[in-house]
Amino acid sequence: MFVDSHTHVQFAAYRADREEVIKRALEKGIWMVNVGTQYSTSKSAIELAEKYPEGLYATVGFHPLNIEKTYNDPQEAPEVGQEAFDIERLRELASHPKVVAIGECGLDYARVTGDRQQETKEKQKEIFLQQIELAKKVQNFGGVITFTEDYTSVVAQVPLEQILLETDAPYVAPVPYRGKRNEPAYVEEVAKKIARVKGISFEEVARVTTENVKKLFELTKLTSG
Numbered sequence: 010m011f012v013d014s015h016t017h018v019q020f021a022a023y024r025a026d027r028e029e030v031i032k033r034a035l036e037k038g039i040w041m042v043n044v045g046t047q048y049s050t051s052k053s054a055i056e057l058a059e060k061y062p063e064g065l066y067a068t069v070g071f072h073p074l075n076i077e078k079t080y081n082d083p084q085e086a087p088e089v090g091q092e093a094f095d096i097e098r099l100r101e102l103a104s105h106p107k108v109v110a111i112g113e114c115g116l117d118y119a120r121v122t123g124d125r126q127q128e129t130k131e132k133q134k135e136i137f138l139q140q141i142e143l144a145k146k147v148q149n150f151g152g153v154i155t156f157t158e159d160y161t162s163v164v165a166q167v168p169l170e171q172i173l174l175e176t177d178a179p180y181v182a183p184v185p186y187r188g189k190r191n192e193p194a195y196v197e198e199v200a201k202k203i204a205r206v207k208g209i210s211f212e213e214v215a216r217v218t219t220e221n222v223k224k225l226f227e228l229t230k231l232t233s234g
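Its first residue numbered 10, the sequence shown is counted upward by one per residue in our numbering.
Keep in mind that the hints were calculated from the coordinates and are not lab data. As the structure is a computational prediction, the values presented were derived from the model and not from experiment. Heads up, some of the hints might be wrong.
Here are the simulated lysine to any residue pairs, SDA-like style, with alpha carbons at most 20 angstroms apart [unchecked claim]:
id : residue 1 : residue 2
1  : K201      : I172
2  : K224      : L173
3  : K145      : K201
The calculated label-pair distances, taken between Cβ atoms and stated as ranges, are [what the hints assert, rightly or not]:
id : residue 1 : residue 2 : range
4  : D26       : K134      : 32 to 42 angstroms
5  : Y186      : R120      : 24 to 34 angstroms
6  : P185      : E142      : 35 to 45 angstroms
C-beta: ideal position from N, C-alpha, C; glycine also.
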């Protein structure tokens, strides 16, 4: 069993075959956490999770690049467009039993350009802090999903007990699926890479990382009822 701790199957990229994508993952024993990027995609992640008794969960959050959205990602929710950040609306969503974390959230200055750079950065900080406070207050979870560019060296150094698996689908499919739309079923490729880097078995990666997600998001408690 695996858990894809960060994916976006609620996105428009899966509109034509969403149920098939989910079925492929569940048939392989792969559960998933669909991550919200603003109110609408957080809500749709919850609605999707509600359709399945187990195996699908959601997060609610507001990605920093959505603060001043200059383009619509065709893979995300192009019909939605700009949404204002509203912590109270996110708070309402966060109380849902299928919600296991707050996110997307954080700071992302990579695309912050132009005359309003400092103002935009300050807005990102303010909204990030509000979401941190929300995460502290909402029960049933207590962590933030993070990632790093230096993947191989970090994997080699970090204990397996501190690692989560994610695809970030539909983006950046792993080898051997480069150039294709990513999906949760491909999380096995991430596990294979970790096993090679650490010199351990694929099965051990599956067992330990799944336990990590269950502990972090309290999935055992959620599925026992």
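To see whether the hints hold, each was checked on the structure:
{"no.": "1", "hint": "K201 to I172", "result": "14 angstroms, holds"}
{"no.": "2", "hint": "K224 to L173", "result": "11 angstroms, holds"}
{"no.": "3", "hint": "K145 to K201", "result": "34 angstroms, violated"}
{"no.": "4", "hint": "D26 to K134: 32 to 42 angstroms", "result": "39 angstroms, holds"}
{"no.": "5", "hint": "Y186 to R120: 24 to 34 angstroms", "result": "26 angstroms, holds"}
{"no.": "6", "hint": "P185 to E142: 35 to 45 angstroms", "result": "42 angstroms, holds"}
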